[in-house]
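Undergrad: If you read the sequences in order, they're chains A and B. Last residue of the first sequence? That's 475 in the numbering used here, and every number before it is there in order. Last residue of the second sequence? That's 475 in the numbering used here, and every number before it is there in order.
Since the hints were made in silico from the structure, they are not lab data. Be aware that one or more of the hints could be misleading.
As the list claims (entries may be wrong) - Below are the DSS-like pairs computed for lysine-lysine, each with C-alpha atoms no more than 25 Å apart in a straight line: (1) Lys-87/B <-> Lys-74/B; (2) Lys-74/B <-> Lys-382/A; (3) Lys-74/A <-> Lys-87/A; (4) Lys-74/A <-> Lys-74/B.
As the list claims (entries may be wrong) - Here are some chain A residues the structure puts well away from chain B; computed CB gaps all over 10 Å: (5) His-70; (6) Asp-151; (7) Tyr-251.
Unchecked claim - Just so you have them, the derived chain B footprint on chain A, three or more residues with Cβ under 8 Å: (8) 72-83; (9) 174-188; (10) 344-358.
Ideal Cβ placement from N, Cα and C applies to all residues, glycine included.
2 protein chains.
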Amino acid sequence: MSDATPPKSAVVKEERGPTGALEVDAELTDNIAALLEAEQRGMVLNLVADLYPADLALLLSHLPFKYAHVVFSWLPPDKASEVLTELDDAFRAALLRESPPGWIARLLQPLDTDDATDVLADLPEDEALQVLPNLRDAPEVHDLMNYPEDTAGGLMAAEYVAVPYEMGVEQATEIVRAHAESIDDVFVVFLIDEDQQLKGVLPIKQIMLSPAGTRAIDIAETDFISVTTDIDQEEVGRIMQRYDLVSLPVVDESGRLVGRITIDDVVDVIRAEAEEDLQLMSGVSGDESLMASTFQISRGRLPWLLVGLFGASLSGTVIGTFESALEEAVVLATFIPIVTAMGGNAAVQSAAITVQGLTSGELWEGDALSRLGKELVVALFNGIVLAALLCVFVLLFGMGNVPRLAATLGVTMLAVIVLATTNGAVVPFLLQRFGLDPASAMGPFVTTLNDIIGLTVYFLIALALYL
Amino acid sequence: MSDATPPKSAVVKEERGPTGALEVDAELTDNIAALLEAEQRGMVLNLVADLYPADLALLLSHLPFKYAHVVFSWLPPDKASEVLTELDDAFRAALLRESPPGWIARLLQPLDTDDATDVLADLPEDEALQVLPNLRDAPEVHDLMNYPEDTAGGLMAAEYVAVPYEMGVEQATEIVRAHAESIDDVFVVFLIDEDQQLKGVLPIKQIMLSPAGTRAIDIAETDFISVTTDIDQEEVGRIMQRYDLVSLPVVDESGRLVGRITIDDVVDVIRAEAEEDLQLMSGVSGDESLMASTFQISRGRLPWLLVGLFGASLSGTVIGTFESALEEAVVLATFIPIVTAMGGNAAVQSAAITVQGLTSGELWEGDALSRLGKELVVALFNGIVLAALLCVFVLLFGMGNVPRLAATLGVTMLAVIVLATTNGAVVPFLLQRFGLDPASAMGPFVTTLNDIIGLTVYFLIALALYL
């Protein structure tokens, strides 16, 4: 993480957007592809020299793969290193495939240990093992590779500044200076005892403010927040966001400092987790990326579609059960999409709010009843409005036995909206209770549950009122 | 933003979770409610004294409102200030309602100008105008209030350290020291000329590293990223995330420094925007919060339900059009939920991925065709698997004219999956093209579009193959 970015020449200043960053767009990729076609290596390098690493990564991912591979191999090693951390995991692994271990090691050398570990983790294991011994930070990276990727241990880096807690600020300043060149983002100094136990957290600003002769521990925060290596990354994100932390120390079970997590890593986690939740809600498993192969995509989606097919078959069975009713009044079929669509819509609305509350930690299990109460009031009101509209609609466009049909549909609509809203509000709590991700409440599974309940209610009411 | 948090006493250490933070849960709120019932002011204050501001805010939002109001009014002003910035907007406005302007001003005094502005913006205008003159930073806050809340201008704070760009590092250090007490998070010093034009960004670490006598501009980054005040907050979030910035300078149209945005504000924006997108996808408008009144909730949801009802009526009309076909073979009704549910599922899957790509900026308009191509391959494969399964299902449980029904359903399923997937992949691009939020592709509107297309295809194929 840096407060600004490395200097670039200003060759294409006129193409820059409002932020001062060069705009990476389809025009630029087309130009570069044309230059590659014409084997204009110098001009390509001149163009990309001007890009920030994140933009260069975006550009590579929009080039045909063989071109991306060529451009990447042309980059100066320092530039290639920076680009590496910005690439999509699968795309990066593909770019590095069959590269000599020595070259990969050279690219990983300037990276922080957490980034180097991430790159290695996506390589085939035997390749990673060949690269590892060539790294300067091999022992640290090796240690980091043992933590699951989605935990605090998997997020943390071994780059931090720690000093004995009784040290004076002058000496601490010298140590910060000595490390500052190699550690990009020094916001705090950690204070430890001789057993590596974390004793305090000292913001670097505080060091500048304190008179010479002050002991580090006397100006440090001793009531700091830390996490153990096994904490889930989603929880890490919540903690750093909730307490507005830029740097979070990670300790082992016995309280020894083993690493630190910086806010930039967590920003990525927060976005990744939001995307994962949305995918889960949409019936896509396995963190599908834009780079995923069609096989991977299909593998992530087909199971949900099969669940959906099974569920929809049950809904079909409900209709089959009432086939004689349908034969008597085929007009009832006309309203099947209204029953299913409206139930689905109402359920997704209440589920979205409940899932968000549970995911962010603002809603607790104990809130289930009060949440449900509020949702029921809303459902009653919305249900009455919709039921009234539907009745008017039927009365206006008179189909079959008009007043009875209107009554049937009105009562059904009210019942469906109330039941579906209840489902949407309650199911996420139940899933959380049983240790499942509440976000899955919005997948095809629950939509189908609503169809089944809605259709059953519809035909039962139709039998009672209409036929 | 701080690197750690203010010290707290350790009264209830044993109730702390893995992070060292006191766990705020239903048990704690129950205890506090009981103490309030018994008017044990001292004990309540003793308990909450030990909480981090964010946790205290969470606790207040879980107490009955009258109790929350009492506890808030008991808090020492400094604590109340810190809690204020962590509260939900609507809840905060309710807590402050009818408080004397002088007291509100006192609570706002220690806050950064961006936070003070946010609090004022949610108060009724006449109340805000009464508070404003009492603030030390009244002119800055007044200026900030002129920017729309969801722009860079609305996010930025007037707290930053700026020095003339030719100043030496010793003098710059003195200025940083002088400001460090009042500005929590000094990560960088901005370098300006006599016209307040931003010339460079100097990380504070760099100051510590440089020998005396160095000119600030010579060690600063002069090719920095900045935004103008009118840039949308979502774009600000993307920029700070993409370029890993902790502090982003904001300039006016003529390049004069007017404020800076810190990463902690952007973390909140990223989460808020993700929540807003999810709500939009779920058919909830107006950024519904857990604190929203049932009237507000209903107002945000009912319009979408009405759109859904209108759309579903069109689906119903499709069925109505084919009523004679249904009368001939009422078994066709049984498969209506399969057609609608599967189309909806497939569309939501492809829409989710496309919307994410467009929202994050990884997918461009020019990618529409290649994206569609990939989705079609997936749709064909998944469609064939599902069609085959459905055929087997019909053949096994034989209903009506078995082979023809199986053929009808197989062809329909394949067509519906392919069409719905296409919709899901294409509609977000179209919405973006016309300046609309691609996320709305997943709302009730498009689900219904799928129902209409799916049912039409179904009955047409049934007429051609089955009847």
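Undergrad: Does Lys-74/B lie within 25 Å of Lys-74/A when you go C-alpha to C-alpha?
TA: Violated. Lys-74/A to Lys-74/B sits at ~66 Å, over the 25 Å cutoff.
Undergrad: Residue count check for the segment 344-358 of chain A against chain B: does it reach three with CB-CB under 8 Å?
TA: holds (count 11)
Undergrad: Tell me if the straight-line CA distance from Lys-74/B to Lys-382/A falls inside 25 Å.
TA: 18 Å, holds
Undergrad: If you look at each residue in the segment 174-188 of chain A, do at least three have a Cβ nearer than 8 Å to any Cβ of chain B?
TA: holds (count 4)
Undergrad: Per the stated criterion, does the least C-beta distance between Asp-151/A and chain B lie above 10 Å, as a non-interface residue requires?
TA: Per Cβ check, Asp-151/A is outside 10 Å of chain B; nearest 21 Å; holds.
Undergrad: If you draw a straight line from the CA of Lys-74/A to the CA of Lys-87/A, is it 25 Å or shorter?
TA: 19 Å, holds
Undergrad: Does the no-contact call for Tyr-251/A survive, Cβ to all of chain B over 10 Å?
TA: Contrary to the label, Tyr-251/A does not stay out of reach of chain B, its closest Cβ about 6 Å off (not over 10 Å).
Undergrad: Per the coverage rule (Cβ-Cβ under 8 Å, at least three residues), is the segment 72-83 of chain A covered by chain B?
TA: violated (count 0)
Undergrad: Taking C-beta pairs only, is His-70/A more than 10 Å away from all of chain B?
TA: The claim is violated: His-70/A sits with its nearest Cβ about 7 Å from chain B, within 10 Å.
Undergrad: Given the hint that Lys-87/B pairs with Lys-74/B, does the C-alpha gap stay at or below 25 Å?
TA: 19 Å, holds
Of the hints listed earlier, those the structure fails to meet are numbers 4, 5, 7, 8, in rising order.
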